[in-house]
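Residue numbers (the numbering used here), protein chains in the order written: chain Y, 3 to 212; chain U, 15 to 277.
Derived by calculation from the structure, the hints in this document are not laboratory data.
Computed from a predicted structure; not experimentally measured.
DSS-like cross-link-like pairs, simulated, lysine-lysine; straight-line CA separation at most 30 angstroms:
1. Lys-44/U with Lys-26/Y
2. Lys-29/Y with Lys-44/U
3. Lys-174/U with Lys-44/U
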Amino acid sequence: MSLLDLVALYLVVGAGCSVVVYRKTRKLGPAAIALPLWPIWAPVVLIPDAPPRSRASDRAGRIETELAHAVQAADGSPFEVLLPREAADRIREEVRNALDRIAELDSVLAQPGFDRGAAEVRIGELTRAGAGKRALQTAVLHRDNVARIESLRDRHVRALEELGELVGALRSQLVLARYAGSSPEGVGSIVSEMWARVEGLGEVMEATSG
Amino acid sequence: MSPRERSPLGLLLSSPREVARRCLEEEGLKPLAVASLGALALGAAVFGGVVGSFRGGEQVLYGAIKVPIALLAAIVICVPALHGIAASLGRAWPLRTVIALTLAAAGRAALVLLAFSPVLWLAYDLGLGYHAAALAATGAYGLAGLAALGVLLRGLGRGKHAVTTALAFVAVFLAAGGQTGWILRPYLVRPQTRDVPFVRSIEGGFADAVVRSTRSAAGVYDEVEREVVRSAETAPEWVDPEPYDVSHEPSYGYEREDRWRAR
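Chain U with its partners taken away, still in its complex shape (with noise of 0.2 angstroms):
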């Protein structure tokens, strides 16, 4: 079956190259949009189901609504500027073909996302650590991403500045995605915390936490986290000895966590 002959969710799975022609040639766009968020919404949906099953319970559900509620916010909220960086930069698409080219990109990476899903269920059902599983959902996003990428740079071609556009646009995407996820944290929970929001009130931003991590991993605290990390250090052994990480869930004193995952 030729490319223009399949659906447009087989040609999400199978044929990026088709998926950046149509949406460059305005050809069958709505279809093409319908299939990417019905990709969008399962893919997310499922990927973010198994996320909160690290912790179980209700973790579940709302790992499930706010993944794709993240992803779906990131893309609206992206749409304008990518429009924007594309005309600056010689490529003076309609703005119906950017908001194609986004929503094929995320669909596709959302498709992985749901071929990732049973193995990092397996992972996690296998008893992964907590910093292990956070690691392979960033892996796997981390991959979903370059299958993402695939549609955006045959969309972009190899004319003039072709790196540099997609460059920004992974850069503002990043940013933006990186905002509304905060936002909508927690996904990946600990299973022994007890009680947990479906979204953690509004402290600091995607930016200030990722400047504050980066100063702890290179050991710079400010006032109150340097207290906090000397109390870890000299607290008794069943107080979890690891620095005090300013995303962590509101609750101290539980176990060690292969203590509680040997249960």
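Extracted from the complex, chain Y is given alone in its bound form (with noise of 0.2 angstroms):
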């Protein structure tokens, strides 16, 4: 193959990923840009970017790392039996389902009208304008209602953190209890209280999806 044959195929496949990102973006200045350049352009332009990092993403990524180094140290001692990798599955799919949710909830309240200080401020409005009584509770109502999503939200990361301080806890006790061979109730009692928290973050989600 000469350099020639190799510049046509590369620019066929540039070609081909140039329609790709019309058809993406609706925008030739992108699409143009493909043909040449298709290797670096395509990846960053039909790739949406990761979703911004939030304190909740940034406890469950910490959770994620601590709970992989507890694994790692349960691993091949007596108390494998306590968090076994199936376990530690577990505990990341209920960590995964609630940054979903907080995720989820973050969306709503950055919609328009979802701001507890301007629903406070339209009650306000109402109150001064001498409105009616049915407009004045539908306001209340609607604050009322945001102030819960905010509540709702909150607790949501109030858990994770509170799961998070767990699995790092636990983390430590495994290790010590594996190098320094302390008592296997110390872990127990961890082990316990963090599924405890586990299932209670499953219980909010229910308790919010029902």
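Given two chains presented individually in distinct reference frames, assemble the corresponding complex, making use of the accompanying hints.
Spelled out as structure tokens, the structure:
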């Protein structure tokens, strides 16, 4: 294959990528750039950015890291029965579900009309304007609903944080138990509390989705 | 204005740390990539045009077209290798992160080349000789490379194998960039060269040229070169007395540079 053949093949693939980029973006500019630069342009324009980091996603990331280390510390030791890999997978799934739910609530709260401060201001305006009882009741109901959504989101975030602390404590307890021979009861009690939190996390989400 | 509020171009100029953070966290990659590509195209084109202005004429346009193409081709070739190297040395970044980091580094380097262009142009205009002109352009490239390295090192952070990864990145880019540059040569052409092709025919490669030049600099010549050097040493004064360089343009019998530039 000569250099010209290679260039021709490159441009044929580039043309295909241009078509795909145009269909996705409906703009000629990005499609034109894709023709000569498809290896470096197509991944940038076709794949969306990662979701923005938040306190909850940072926390979830740390939980997953700590969990991986805890499973590693328990592996091959008598404590493996307390934290098998399947259990760790279940915890990861609950954490991901909690994160998804927090992201959903965040996106709801980000929409226009879901700002508690603005809802309070609206109640004040209606009161000053002498609005009818029904209008005022509706505005108050809206404000209370927004407040409940915020409170629900905060409960999810707190539950995730508490779980994170427990996973961190479990990891250190497992390492200590493995190398310094501390009692299995210490590990067992942390594991029990951790499972209680995981169950609680699941119940919060079942309550909100029900 | 905090780094998060600046435009992507502003960040490329003044905040390599924020650029690296955005690349790693995949935040606003598309505008950053567009700004990097724009900076690369503009900076490299202006620098290429200035280098071409050493001879002038159509070489200004040729240089303005070829330098951005050489840089972009090097990036396109390198990125998959850089992705693999980063993953094997403990940084399993998404491909988009590697692309964005490489483009941002190259964009920043191109802005440095743009900044150097007026200085280089002035130096050429004041009568800088051919070899000094080549050195000056190489120096500008080197400093631009350091600016690019700033973004790269901030992206790699201080974790394990950071230095090894950085060295591997630089080595791969130098190899790819050297070869793409070689394919599209010439850039800096002697003023008295009559006809300049857009691209010279491909003879050997960048690595061959480096080896040959190193051997020549050490006085080790192969059969053909030895004969040419012997002829040059016994030639009349009006023939360029410098040892034959295989990368010279194929036009012989030109005057000494200082006599031409004194015209």
